[in-house]
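All chains should be modelled from the sequences, with the hints used to inform the complete structure.
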Amino acid sequence: MPKENSTDGTLGYRSWGRLKKSKSSEVRLYWPEFDFRAHDGSQSFLPYGIGRSYGDSCENEGNTLLCCANLKRFIAFDNVAGVLRAEAGVTLDQVLRLVVPRGWFLPTTPGTKFVTLGGAVANDVHGKNHHRVGSIGEHVKKFELLRSNGERILCSRESNPDWFAATIGGLGLTGLMTWVELQLRPIVSSAIEAETIKTQHFDEFLELSKESDKTFEHTVCWIDCLSPRRNLGRGLFMRGNHCADKGQGLGVHNDPRVNVPLSMPFNPLSKPALKAFNTVYYHKQRSRVVKGLQTYDSFFYPLDGVGNWNRMYGKRGFFQYQFVIPFANCREPMLEILGKISASGFGSFLGVLKVFGNRENRGLLSFPREGVTLALDFPNKGQATLNLFEQLDQVVLAAGGRLYPAKDARMSPELFRSGYEAALGQFEKFKDPRFSSSFWRRVTD
Amino acid sequence: MGPIVIFGATSTLAQAIAERYASADCSLILVGRSREKLAAVANHLACLNSKVSIETISADFENLTALREVVERVFAKPEAPSMGIICHGVLLSNAECLSDEKAFMENAMVNFTSTAYLAEKLGTALANKAGGTVVVVTSVAGDRGRQSNFCYGATKAAVSAYLDGLRASLADKKVSVLEVKPGVMDTAMTAHLPHSPLMASPEKVAGDIIKGINRGKRRIYTPWFWKIIMTGLKMLPDAVWAKVKF
Chain A
1 MPKENSTDGT
11 LGYRSWGRLK
21 KSKSSEVRLY
31 WPEFDFRAHD
41 GSQSFLPYGI
51 GRSYGDSCEN
61 EGNTLLCCAN
71 LKRFIAFDNV
81 AGVLRAEAGV
91 TLDQVLRLVV
101 PRGWFLPTTP
111 GTKFVTLGGA
121 VANDVHGKNH
131 HRVGSIGEHV
141 KKFELLRSNG
151 ERILCSRESN
161 PDWFAATIGG
171 LGLTGLMTWV
181 ELQLRPIVSS
191 AIEAETIKTQ
201 HFDEFLELSK
211 ESDKTFEHTV
221 CWIDCLSPRR
231 NLGRGLFMRG
241 NHCADKGQGL
251 GVHNDPRVNV
261 PLSMPFNPLS
271 KPALKAFNTV
281 YYHKQRSRVV
291 KGLQTYDSFF
301 YPLDGVGNWN
311 RMYGKRGFFQ
321 YQFVIPFANC
331 REPMLEILGK
341 ISASGFGSFL
351 GVLKVFGNRE
361 NRGLLSFPRE
371 GVTLALDFPN
381 KGQATLNLFE
391 QLDQVVLAAG
401 GRLYPAKDAR
411 MSPELFRSGY
421 EAALGQFEKF
431 KDPRFSSSFW
441 RRVTD
Chain B
1001 MGPIVIFGAT
1011 STLAQAIAER
1021 YASADCSLIL
1031 VGRSREKLAA
1041 VANHLACLNS
1051 KVSIETISAD
1061 FENLTALREV
1071 VERVFAKPEA
1081 PSMGIICHGV
1091 LLSNAECLSD
1101 EKAFMENAMV
1111 NFTSTAYLAE
1121 KLGTALANKA
1131 GGTVVVVTSV
1141 AGDRGRQSNF
1151 CYGATKAAVS
1161 AYLDGLRASL
1171 ADKKVSVLEV
1181 KPGVMDTAMT
1191 AHLPHSPLMA
1201 SPEKVAGDII
1211 KGINRGKRRI
1221 YTPWFWKIIM
1231 TGLKMLPDAV
1241 WAKVKF
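As given, the protein sequences belong to chains A and B, one line each in that order.
Just so we're aligned: 283 in my numbering is position 283 of the first sequence, and the numbers increase by one with no gaps anywhere.
Count along the second sequence starting at 1, add 1000, and that's the number in my numbering.
Be a bit skeptical, because a hint or two may be false.
[To be verified] Computed Cβ-Cβ distance ranges for the label pairs, DEER-style: (1) 289/A - 1216/B: 54 to 60 Å; (2) 244/A - 1130/B: 47 to 53 Å; (3) 157/A - 1100/B: 28 to 34 Å; (4) 200/A - 1025/B: 50 to 56 Å; (5) 1216/B - 306/A: 34 to 40 Å; (6) 80/A - 1079/B: 28 to 34 Å; (7) 80/A - 1196/B: 44 to 50 Å; (8) 444/A - 1196/B: 34 to 40 Å; (9) 152/A - 1025/B: 32 to 38 Å.
Hints were generated in silico from the structure; no laboratory data involved.
Model, not experiment: these values are computed from the prediction.
Glycine residues also receive a C-beta, built at the ideal position from the N, C-alpha and C atoms.
Here it is, written out as structure tokens:
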């Protein structure tokens, strides 16, 4: 009995930033198969995981989402070689629960474990160890791509390398990834030997990064973006290595402790509240250096402890602005940007600085490049926030930098083109003609 | 404890149940229609726990003889099953059933005939060994026939009545019968329905079922609030019920 397999026009929040509700049809997939021919050609498709992209790169307004959250079966796990093959909707949370007790860890991980493997590859996500191991695309061995013409393409560095490169960081536009095979990294214990160093200024961050990148696998810096002008870029520099002491065991993380059940009716994170919070958080650490063992959960995923923390920003939602600018001559533009943000007073609690290493990206549209990246949350205050972004865009553009599509909800087509120019022409050859996204239409039309 | 045999093992709910039992070191026998999907489920469970034995058997749920043979086969093993869970089913709309005789037959065959037949065969086989539990997934749709899906609901109501009698007949034979009445769940069977806040996750329902099994319950609603909803709906006068269009 043929069944109509799509539900019409559900209006809802589709992305993490909660900036607007987007209306799209959804097809919930339970098996890694989909008959594109059974659907008329007027609708475009976009694979959708669990909606942790911040802007509209995971939205397909007025069209159809292929919801992959139920493609969550493991396919094979080689415990000796540390190779895991799993369906594309498997989350990093699931992966960690499976592999950590067996002495393996993700090769690299973003700041949340609540993303799907398919989403991680489609955005070529990076982590605190980018300077050592690059982004996740470097550790993907293979995946299968289902195209809208029904063709299944096995992609790896050896087989169909051009499809492989287009799909890593390809924002889900080259087809539906059905499964992914990932090379894991071995660990002796699941604890992290971590150090937190209080920094006074952006310059100190640069020095510390330079020094730490040799001896620490993971480095990142939380910054107080509301700090006074003389302390631009002050923050807490965190660095760590996987602990080599077997005695620490291979314990797995717990479920989130608390949950934000409802969207706040207003934005409780007002300017004075945030400023006070950031100041307290910064000064809470009295001594310059604090060392100790941490769980991987608190080191990599501090925000995962609060379920639905995005609801904290209230009804209007929030933006995240993340860019990278080349390392050479990064100081002036970075200080200019930090100065503009500090002067505007629009920043928020979450601000992260990181130095990317010199790695060759596997993906055509991969975001990371050698340089300094800054990611910052901004409560949505309408036009005033957008005006600030436009000022920041100018600095990023002049410095030869680019923005991260996974975080973006508003960059102009010009800015996108200038950031990804070298690969765009090549990428378009591999984009599936029946796939599209709200983001893609916004930056290319 | 002997292995657990699950019928309709590739259903979304059955996968969630199997995941829980495999993680708890229980051996499983998975019976389903598609060999390919059974293999996918078995591979997943083997990744979760490489120590447990997972066997797969493909069967046609419209062939009672074949189903009986499956039961005979699994109970002929040295270690007989200790529990049978019946999860298979098909959700055909009233429109489909009433306009197509084949669909009408399929609805009754899969949702009632094969389910009821299997439940008795499993219960008797367990009684002949060391006893155990038969778990059958029905639906809140069986509590009162709705205008939009009474063909489906009626098969579930029939299974409920059948299980009441079966439970009584096995009461002194160390076999307990658990009827599970889930509300609407987010599964492959309901993929064509719009997402609603009442939709429960299969993981939540699987957890409730395992709790029900461990506590020796006879009948459970899951999530629990369906018991209240259905009690209310059952009390509506017929004249009012006729106005309820969903």
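Going down the list of hints, with the structure as the test:
1. 289/A - 1216/B: 54 to 60 Å: Given a distance of about 58 Å, which is inside 54 to 60 Å, the answer is holds.
2. 244/A - 1130/B: 47 to 53 Å: 50 Å, holds
3. 157/A - 1100/B: 28 to 34 Å: Since residue 157/A and residue 1100/B have Cβ atoms about 50 Å apart, the given range 28 to 34 Å is violated.
4. 200/A - 1025/B: 50 to 56 Å: 55 Å, holds
5. 1216/B - 306/A: 34 to 40 Å: About 38 Å separates the Cβ atoms of residue 1216/B and residue 306/A, which means 34 to 40 Å holds.
6. 80/A - 1079/B: 28 to 34 Å: For residue 1079/B against residue 80/A, whose Cβ atoms are near 30 Å apart, the range 28 to 34 Å holds.
7. 80/A - 1196/B: 44 to 50 Å: At 45 Å between Cβs, range holds.
8. 444/A - 1196/B: 34 to 40 Å: Hint holds: Cβ distance 35 Å, inside 34 to 40 Å.
9. 152/A - 1025/B: 32 to 38 Å: This hint holds: roughly 36 Å between Cβ atoms.
When each numbered hint is compared with the structure, a violation occurs for hint 3 only.
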